[in-house]
Amino acid sequence: MSFIESTDMKNPLIAAAILAAGFSQPAFAQQAGAGVSPFVMNTLFIVFCGVLVMWMTAGFAMIEAGFVRQKNVVNQCAKNVGLFAIAATAFILSGYGFLFPNGSWIIPGVLGFNGTIEVTGVVDSGEFTGRGHASASDIFFQSMFCVAVASIVSGTIAERMKLASFFIFTAVLTAIIYPIQASWTWGGGFLASDLGFVDLAGSTVVHVVGGVAALTGALFVGARNGRLVDGEKQALGHYSLPLATIGALILWMGWYGFNAGSYLSFSSDADAANVSRIFLNTNMAAAGGVITAAFVSYLREFRFDLSFMLNGALGGLVAITAEPLFPTPLAAFAIGMVGGVVIFWSSQVLDYFQIDDVVGAVPVHLFCGIWGTLAVALTNPDATIIGQLASVLIIIAFVAITTSLVWIALKETMGLRVTTDTEDTGIDETNYVLSN
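In our numbering, the protein residues as written are 516 to 951.
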């Protein structure tokens with residue numbers, strides 16, 4: 516008798532869950548009356564978390580639309596919708612195969628490719644062997660992570676880059692660069708196997724990678740017209756800080772799925788306890804980042820800087836992403852607080868080198884990602900500071916070199932920047948039909 520046949524289909528929630536998951540895996544079935552199988556619970560949990568991560572795209576779009584000027588809001592929204600579609604597609608075509616070679620290594624531990632995705636199988640996840648989840652749920656969830664990498668880049672180079680060039684960069688980043696380096700950690704590559712690298716949800720694998728790509732992009736694209744006058748940074752204004760606030764809160768909400776979903780299992784009492792702890796720690800780190808950012812901004816200017824507080828929340832979230840399970844709630848709060856300090860310090864570094872980052876993505880994702888990755892060694896006994904540091908430096912070097920090559924190729928062919936007239940007038944008026 517199949518699991519579907521042996522389950523109480525009168526319960527609409529259970530019936531809907533089984534039908535939605537397309538469940539037909541007797542190896543994970545339980546006897547009648549035992550409740551929903553671990554396979555179904557894990558699959559629905561991962562899909563649900565994937566939807567939360569997908570919602571982060573709306574958060575990125577809103578925070579970027581809020582931070583840019585009104586004349587570029589439509590372009591920024593179009594950029595986020597386009598990158599989502601491109602990244603999700605590129606990841607399916609090749610990214611997933613690079614990320615999870617499943618033993619098909621071309622260069623052992625460094626480069627592998629598993630070919631076309633397989634959506635009919637079951638994924639067993641290490642310590643959760645025997646309580647796996649549908650492969651389609653895994654592909655969906657991982658593709659949302661891939662989208663997040665491209666979203667990080669979008670805000671930094673806003674208001675002056677050609678949309679077509681950015682879309683091509685997004686395709687290369689998500690189809691090749693991101694998944695190859697991610698395979699070194701999550702695909703069984705050399706960082707995990709040889710250096711013992713620990714990064715549960717991607718402080719480095721996702722956020723540092725996106726931050727490095729954003730930084731190299733800012734360097735090659737250059738600053739916005741009027742941003743620097745005689746070497747001094749000039750305020751250019753925002754479209755809507757309330758809109759940016761909504762975006763940051765959406766990202767905060769989506770981060771619960773980002774971190775908790777990386778646990779990959781929700782089918783036992785222990786799983787439920789651990790996932791709940793990840794939710795709590797994620798929230799505490801964000802709170803710590805906000806409080807520190809508010810305090811530092813008040814000490815500096817005798818007023819609370821909303822934009823700095825928003826980035827403080829995001830910095831705390833990035834910092835806890837590498838290890839959201841092992842810290843105590845107070846330790847998670849402290850990790851987030853340090854993230855708020857890192858935001859302040861790294862913002863000063865970017866100003867010193869006259870790097871124009873419209874939304875502050877480089878301090879948030881690159882520098883707080885580094886801090887969060889190193890902080891793993893403080894709470895997780897399986898991690899070492901040497902293994903963490905060496906791994907993050909290797910990934911930074913790889914992404915810096917590969918993304919720079921892509922930026923150079925685009926600059927020499929299509930060009931990176933819009934014309935001066937377009938930038939001054941506004942990309943929206945030049946490139947879009949705006950209805951009243």
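Hints were generated in silico from the structure; no laboratory data involved.
Treat the hints with caution; some may be incorrect.
[What the hints assert, rightly or not] Straight-line alpha carbon distances no greater than 25 Å define the calculated DMTMM-like cross-link-like pairs of lysine to aspartate or glutamate that follow:
#1 Lys586 x Glu816
#2 Lys926 x Asp939
#3 Lys677 x Asp897
[As the list claims (entries may be wrong)] Derived Cβ-Cβ restraints for the label pairs, each shown as a range:
#4 Asp784 x Phe817: 32 to 40 Å
#5 Thr928 x Pro896: 48 to 56 Å
#6 Leu678 x Gly711: 20 to 28 Å
#7 Ile901 x Tyr867: 25 to 33 Å
#8 Pro896 x Asp709: 15 to 23 Å
#9 Glu944 x Ser755: 13 to 21 Å
#10 Ser919 x Val625: 34 to 42 Å
#11 Pro757 x Phe794: 36 to 44 Å
#12 Gly930 x Tyr867: 23 to 31 Å
#13 Pro896 x Phe817: 42 to 50 Å
#14 Gln585 x Pro844: 18 to 26 Å
#15 Ile916 x Ala787: 40 to 48 Å
Cβ coordinates follow ideal geometry from the N, Cα and C atoms, glycine included.
(request) With 15 to 23 Å as the target window, see if Pro896 and Asp709 comply at their CB atoms. (result) holds (19 Å)
(message) Holds or violated: the 20 to 28 Å window for the beta-carbon distance between Leu678 and Gly711?
(response) violated (42 Å)
(request) Using the beta carbons of Gly930 and Tyr867, state whether their distance is inside 23 to 31 Å or not. (result) holds (28 Å)
(request) Indicate whether the distance between the beta carbons of Gln585 and Pro844 respects the range 18 to 26 Å. (result) violated (41 Å)
(message) Run the distance test for Lys926 versus Asp939: straight-line Cα separation, threshold 25 Å.
(response) holds (20 Å)
(request) Take the C-beta atom of Glu944 and the C-beta atom of Ser755, compute their distance, and say whether it sits inside 13 to 21 Å. (result) holds (18 Å)
(message) So if I understand the rule, the pair passes when the alpha-carbon distance is 25 Å or less; does Lys677 with Asp897 pass?
(response) violated (44 Å)
(message) Does the beta carbon distance between Ile916 and Ala787 stay inside 40 to 48 Å, or does it fall outside?
(response) Once the Cβ atoms are compared, 43 Å apart, the range 40 to 48 Å for Ala787 and Ile916 holds.
(request) Look at the Cβ atoms of Ile901 and Tyr867 and judge whether their distance stays inside 25 to 33 Å. (result) Holds - the Cβ-Cβ distance for Ile901 and Tyr867, about 29 Å, lies within 25 to 33 Å.
(message) With the threshold set at 25 Å, check whether the alpha-carbon distance from Lys586 to Glu816 stays at or below it.
(response) violated (29 Å)
(request) Evaluate the given range 48 to 56 Å for the C-beta pair formed by Thr928 and Pro896. (result) Given about 50 Å between the Cβ atoms, the range holds.
(request) Using the beta carbons of Pro757 and Phe794, state whether their distance is inside 36 to 44 Å or not. (result) Taking Cβ atoms as reference, Pro757 and Phe794 lie about 27 Å apart, which means the hint is violated.
Going through the hint list in order, the structure does not satisfy hints 1, 3, 4, 6, 10, 11, 14.
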